[in-house]
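*Asks:* Next come the chains, spelled out residue by residue.
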Amino acid sequence: MSEVKDKIDYSVMPDERGHFGVYGGIFASETLMQALDELKTAYEKSINDKAFQAEFDADLAHYVGRPSPLYYAERLSREVGGAQIYLKREDLNHTGAHKVNNTIGQALLARAMGKKRVIAETGAGQHGVATATVAARFGMECVVYMGQEDIIRQAPNVYRMKLLGAEVIPVTSGSKTLKDALNEAMRDWVTNVDDTFYIIGTVAGPHPYPAMVRDFQSVIGREARRQMQEQTGRLPDALVACIGGGSNAIGLFHPFLADESVEMYGVEAAGEGLETGNHAAPLCAGRPGVLHGNRTYLMEDRDGQIIETHSVSAGLDYPGVGPEHAWLKDIGRVNYVAATDEQALKAFHQLTRVEGIIPALESSHAIAYGVKQAAQMSPDQNMIINLSGRGDKDINTIARIEGIEL
Amino acid sequence: MSRLKACFERLSAESKKALIPYVMTGDPQPEVTLPLMHAMVESGATIIELGAPFSDPMADGPVIQAAAERSLEHHTSLHDVFDVARKFRQKDDQTPIVLMGYLNPIEVMGYEAFAKQAVESGIDGVITVDMPPEEAEDYIAALKQYQIDPIFLIAPTTTEERMQKIAAVASGFVYYVSLKGVTGAATLDVAGVVERVSLIRKYIDLPIGVGFGISNAQAAASVSGCADAVVVGSAIVNRMAAQKDTKSEQTTIIVRDVTELLDSMRKAMDSE
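Quick note, the sequences are listed as chains A and B, same order. Our numbering puts the last residue of the first sequence at 406; the count rises by one with no breaks. Our numbering puts the last residue of the second sequence at 1272; the count rises by one with no breaks.
Treat the hints loosely; a few may be bogus.
[As the list claims (entries may be wrong)] Derived CB-CB ranges, DEER-like:
{"no.": "1", "chain 1": "A", "residue 1": "Glu55", "chain 2": "B", "residue 2": "Glu1272", "range": "51 to 59 Å"}
{"no.": "2", "chain 1": "B", "residue 1": "Glu1272", "chain 2": "A", "residue 2": "Tyr159", "range": "49 to 57 Å"}
{"no.": "3", "chain 1": "A", "residue 1": "Gly139", "chain 2": "B", "residue 2": "Gln1218", "range": "40 to 48 Å"}
{"no.": "4", "chain 1": "A", "residue 1": "Glu308", "chain 2": "B", "residue 2": "Met1001", "range": "41 to 49 Å"}
{"no.": "5", "chain 1": "B", "residue 1": "Gln1218", "chain 2": "A", "residue 2": "Tyr159", "range": "42 to 50 Å"}
{"no.": "6", "chain 1": "B", "residue 1": "Thr1159", "chain 2": "A", "residue 2": "Asp15", "range": "19 to 27 Å"}
{"no.": "7", "chain 1": "B", "residue 1": "Ser1248", "chain 2": "A", "residue 2": "Tyr159", "range": "45 to 53 Å"}
Simulated from the structure, these hints should not be mistaken for lab results. For every residue, glycine included, the Cβ atom is placed at its ideal position computed from N, Cα and C.
One chain only, chain A, in its complex shape (with noise of 0.2 Å):
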């Protein structure tokens, strides 16, 4: 396997039309095809355009306020035995969750595309928060799709978003949550292409969604890599984040790819088990289709028909993966594993006991692997678990589970 990793550079993926390997592409109606032709140009443009990244960076350190601490979990650590932990502190950017770091850099493009209407979809509410947020800070009506399903497990979000003046549109059809809100919206950028531009809030979607949004998310892993140097005087040993798009596995995974002595675990949602069916973990226990514009692994029937996904996370709760994580796969490069609900609520009451820290719902799946696994491993070693966002909008559904009344 090494062999084939010294080959790879990672750096250039994916191609011109948007493959990681056989994954990824653009899979989507005629009407979008030149609305996405013109995003990659607009995109590409804004690489190498120094303007538009010194913009993207003051923004990002100003109004996001990073970078976000690189925390050594002394407690924590010591109470698992094993790895030293590190969190990536996502959780405390501004709303409270790596998804601005996206919606920052989409927002950006959108006005210099000279769009003024950004709509979004959201599942547990992060992304379309970060959504709404950004459109008020840049003076854009904005409209964000939510399954009715997610309208209820995410009551705050929702309010959040009506007091930062986006309209929430709730989502009926089909299962009711995060895939079908990106049903909606998709719907809504085809008929309103010509004024709006559609912010995905995770590394899937047609090309160039999957890369754009890794590029933005990466500033996470670029701040990491830095911090374990200046802090430990050396490179991680492990990286464990979340995936349910994987755009903030992606972010602090990809300026590491190339760093052969570092592992990487993807945990995706076990639900109530992989050996149930009920859950959501497409790269453990799915395989490869195509859906939302993309070729990737994918929760199917034997029909091809996108089943229902079960995750106590809403924000986790979505049957597709970003198609650079189906590549990473099966080139052997990253690790994917799964946590269940039960595991993930443990790891949430764990990190908030030990560390005072209250993770989002979605952040403690990558807690509940990455405890277990620094377990294994030695104290001399390192890990960084991306802690991708704060729990504060988890604790009715938590209270709710354990019977308890607000």
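Given the coordinates of chain A, assemble chain B onto it according to the supplied hints.
*Replies:* Coordinates of chain B only, in the frame set by chain A:
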């Protein structure tokens, strides 16, 4: 000669335009589809677009999505679509059938296995909404190996450069989506359609079908002034959704309503 080519040549000789109704296989009940297909041909349908349901039909509006959901309640699969086509062919060997759906069910089956079974069941063309020509090399090769026409969509946003790309790979006919937006949305801009269709003709030497937003006889007639074929989708599917009669009467009522609509369209188109 392919059924589609023969069909358009026959129409052209008679100075008539094609009327292409869309029905979702298995909507609202599996037993409705076959008798409805035969009845539509009797009411002047020249080609039948047979929908294959997909759980996530991103390019369609709520009407077609609901039809897919009704169909999937009966677990309708590509095998069921083939089955309906095969039974239709027992009585009708002339009317072309075009399968319309999304890529993932075809991916799961495998392009070649799909093309082989499609042609064996009497399907003549395939429209895959989320398969642009750029990604379609293997898919087109498999279809052409079995003499199935790959039919592509053209949108109001399609550039002249892309029209040339589509011209290089399409056969049978091309389908101009007359609106930005999803199926069943908004109203039709006839003057805009006329202009676009003449632009498409500059690059593509195939019959042009126009669909999206055609819901009544008047719209069908005005579009048939410039196009070679008129596609009617949501207006038919709406009639499935509208009626809630008992199962035994369902087929009779749907057939009556749909043929009434097609009769009026055919009449208006022929007198145009």
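*Asks:* Just tell me: holds or violated, for the beta carbon distance of A:Gly139 and B:Gln1218 against 40 to 48 Å?
*Replies:* 43 Å, holds
*Asks:* Given the range 42 to 50 Å, decide if the beta-carbon distance of B:Gln1218 to A:Tyr159 lies inside it.
*Replies:* Since the Cβ atoms of B:Gln1218 and A:Tyr159 sit about 47 Å apart, the hinted range of 42 to 50 Å holds.
*Asks:* Holds or violated: the 45 to 53 Å window for the beta-carbon distance between B:Ser1248 and A:Tyr159?
*Replies:* 49 Å, holds
*Asks:* For the pair A:Glu308 and B:Met1001, does the Cβ-Cβ distance stay inside 41 to 49 Å?
*Replies:* 46 Å, holds
*Asks:* Given the range 49 to 57 Å, decide if the beta-carbon distance of B:Glu1272 to A:Tyr159 lies inside it.
*Replies:* 55 Å, holds
*Asks:* Indicate whether the distance between the beta carbons of A:Glu55 and B:Glu1272 respects the range 51 to 59 Å.
*Replies:* Since A:Glu55 and B:Glu1272 have Cβ atoms about 57 Å apart, the given range 51 to 59 Å holds.
*Asks:* With 19 to 27 Å as the target window, see if B:Thr1159 and A:Asp15 comply at their CB atoms.
*Replies:* At roughly 22 Å between Cβ atoms, A:Asp15 and B:Thr1159 fall inside 19 to 27 Å, so the hint holds.
Violation of the numbered hints given earlier is absent; every hint is satisfied by the structure.
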